[in-house]
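Number of protein chains: 2
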Amino acid sequence: MILKNIGEFGLIERIAKHVKAGKGVIKGIGDDCAVLKWTREKHLLATVDMLIEDEHFKRAVAPSAIGWKALCCGISDIAAMGGVPKWALISAGLPKDLSVAYVDKIYAGLAKAAKRFGVSIVGGDTNASRKMILDVTVFGEVKKENLVLRSGAKPGDLIFVTGSLGGSVYGKHLNFTPRLKEAQVLVKNFKVNSMIDISDGLSSDLGHILEQSKAGAIVYEYLIPKSKRARTIENALSDGEDFELLFTMPAKEALRLLEKKRKLFKMPVTRIGTIVGEKYDSKLVDIFGRKRDLQAKGFTHF
Amino acid sequence: MILKNIGEFGLIERIAKHVKAGKGVIKGIGDDCAVLKWTREKHLLATVDMLIEDEHFKRAVAPSAIGWKALCCGISDIAAMGGVPKWALISAGLPKDLSVAYVDKIYAGLAKAAKRFGVSIVGGDTNASRKMILDVTVFGEVKKENLVLRSGAKPGDLIFVTGSLGGSVYGKHLNFTPRLKEAQVLVKNFKVNSMIDISDGLSSDLGHILEQSKAGAIVYEYLIPKSKRARTIENALSDGEDFELLFTMPAKEALRLLEKKRKLFKMPVTRIGTIVGEKYDSKLVDIFGRKRDLQAKGFTHF
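First to last, the sequence lines map onto chains B and R. Using this note's numbering, the first residue of the first sequence is number 23, and each one after it goes up by one. Using this note's numbering, the first residue of the second sequence is number 23, and each one after it goes up by one.
Be a bit skeptical, because a hint or two may be false.
Anything over 12 angstroms on all C-beta distances counts as not near chain B; from chain R, calculated [stated by the list, open to error]:
#1 Lys26
#2 Thr61
#3 Thr69
#4 Thr159
#5 Lys213
#6 Ala273
No farther apart than 20 angstroms at their CA atoms in a straight line, the calculated lysine to any residue pairs in the SDA-like style are these [unchecked claim]:
#7 B:Lys165 - R:Lys59
#8 B:Lys210 - B:Lys301
#9 B:Lys64 - R:Trp60
#10 B:Lys64 - R:Glu63
#11 B:Lys26 - R:Glu63
#12 R:Lys26 - B:Asn149
What follows is a list of derived Cβ distance ranges for each label pair [claimed, not checked]:
#13 B:Gly140 - R:Ile24: 47 to 53 angstroms
#14 R:Lys301 - B:Lys39: 55 to 61 angstroms
#15 B:Glu300 - R:Ile24: 34 to 40 angstroms
#16 B:Lys176 - R:Ile34: 45 to 51 angstroms
#17 B:Lys166 - R:Ala43: 23 to 29 angstroms
Derived by calculation from the structure, the hints in this document are not laboratory data. Here a beta-carbon is modelled for each residue, glycine too, at the ideal position from N, C-alpha and C.
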């Protein structure tokens, strides 16, 4: 049996079996970040994301965009927990014959993202490698009352997304803005029951929330905000790397959000569905009221 | 100009220019770990180490040893700061056609090291990659009074190493034991002025201490404890990945250590030289009293 046969999530399940929750671990494998015991008021958040040449980007891409993306993936994870990023470690594998000017631009992209989102780069590792590799660990902190997990969705919650979805492969996946500001506004003003950043694709990431929350969902196809670059609804459902926020909140909070959203946000915040009990499973409803199964078809690595 | 021309340390210098020390950063780039503000009594330590197939190991190697090493590199870094490891994130790039059994063994090796040294694996990332990549972030804590940096060596300090050096390429580099216990005994019982783990090689890692401490050193060639696998003194001076501790302490403390070392340690702890002022530079003295320059000839990646 090879990795391709069990897939990414099969692999993660196997890994989780080797791992025992230990001291000071509030939430280990299974969310956007690990949540670790920190101070009386706050938890420490930690996440890591690897980008590999020819798997995630081509060398022809602007090197500053590679650096920007490498750091912003982790910032997006921290945001989706309700936290703010603080520090980062940059681990790099770089070809010996890569030009110094190219490498400078990668690090300039990293530094730009660091400055924009208030992150200090505090260390890392450098190695020779045939393909470029950038693996970035981001640490953040979250006030205990602001922590949002994937596992908190409850039947009756309304489901929301920020921005618009699909077609990020045409450029947004390299130049996206992590929704840090929006996530902070959300957790400071509302009771958010569950949240995730859309990295694998709407259907898959909603699947992560449902699995962790032991819940089902009804999503209204015609409410999903399709980006200009999305050709079909399938793009909005399954394309990875939108890095928008997907979140759920109780109906009462949701009504407050719908009322205030134009004042609070500079971007669309759209209701796309409802959380239901687990036994209802996950359905996509079209404009004629026809239901079909909403299957996780987003990006997986294997 | 390409990376090969500026070398690993040239690259790190360039990277450091992009980086500004920020809030809560006690020590950023330039030591075994980043040191970050935590509580009144302790600091957070964080370090990351990347292993790449065919750069650091061959696929034919026992996969459990790859996992063991991937975690132990970071544990060794935490130990060398006077800290104890707590949590780890495992970021992996794995070929799609790798057998699940092989991957299980890698994670079993990681889990074995985690259990042995009290580390909880709290998250990570998994990606498809043509070559295997394991990038492990380790977090630890250090009591403020136990923190040891590379930069604290003072003229008059005696220089010590644990264990024996050289020839780790014949096996030890995969199965080494991080000197966590020994480092803890040191920082709890003595005033240690500077410490590093020997990963690049004795001459290079002593060079890191001297550079950060703005000091020189006299090392007595005939005092260096050569391992059985080291053929010449050059192996003991320049082979990387011994993962022994190299440290300096004031003469008075050193005398106490020499007196007590048999009771406190189960392995050799050997005095190999003396820290001198910067202008004396770094000299190696042979058994006839002849001096030659001690140049950093250890492992570099580019």
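Do the hints match the structure? See the list:
Not every CB of chain B lies more than 12 angstroms from the CB of R:Lys26, the least distance being 5 angstroms, so the non-interface label is violated. Not every C-beta of chain B lies more than 12 angstroms from that of R:Thr61, the closest at about 7 angstroms, which undercuts listing it as non-interface. Non-interface status of R:Thr69 relative to chain B is broken: a Cβ of that chain comes within 12 angstroms, the nearest being about 7 angstroms off. At roughly 4 angstroms from the closest C-beta of chain B, the C-beta of R:Thr159 falls inside 12 angstroms, breaking its exclusion from the interface.
Interface exclusion of R:Lys213 from chain B stands, the closest Cβ pair being 26 angstroms apart, more than 12 angstroms. For R:Ala273, the non-interface assignment is confirmed: its Cβ lies about 32 angstroms from the closest Cβ of chain B, beyond the 12 angstroms cut-off. Distance check on the hinted pair: B:Lys165 and R:Lys59 sit about 17 angstroms apart at the alpha-carbon level, within 20 angstroms; holds. The straight-line distance between the Cα atoms of B:Lys210 and B:Lys301 is roughly 32 angstroms, outside the 20 angstroms bound, and the hint therefore fails.
With a C-alpha separation of about 11 angstroms, the suggested pairing of B:Lys64 with R:Trp60 holds against the 20 angstroms cut-off. Simply put, B:Lys64 and R:Glu63 have alpha-carbon atoms about 17 angstroms apart, close enough for the 20 angstroms limit, and the pair holds. Proposed proximity of B:Lys26 and R:Glu63 is contradicted: the alpha carbons are some 47 angstroms apart, above 20 angstroms. Among the hinted pairs, R:Lys26 with B:Asn149 is consistent with the structure: their alpha-carbon atoms are about 12 angstroms apart, no more than 20 angstroms.
Between B:Gly140 and R:Ile24, the C-beta spacing of about 33 angstroms breaks the proposed range 47 to 53 angstroms. With their beta carbons about 58 angstroms apart, R:Lys301 and B:Lys39 fall inside the hinted range of 55 to 61 angstroms. Separation of B:Glu300 from R:Ile24 is about 56 angstroms and departs from the stated range, judged on CB atoms against 34 to 40 angstroms. A hinted range of 45 to 51 angstroms for the beta carbons of B:Lys176 and R:Ile34 is consistent with their spacing of about 49 angstroms.
A C-beta distance of roughly 28 angstroms is found between B:Lys166 and R:Ala43, which places it inside the suggested range of 23 to 29 angstroms.
Consistency with the previously given hints fails for numbers 1, 2, 3, 4, 8, 11, 13 and 15, ordered from lowest to highest.
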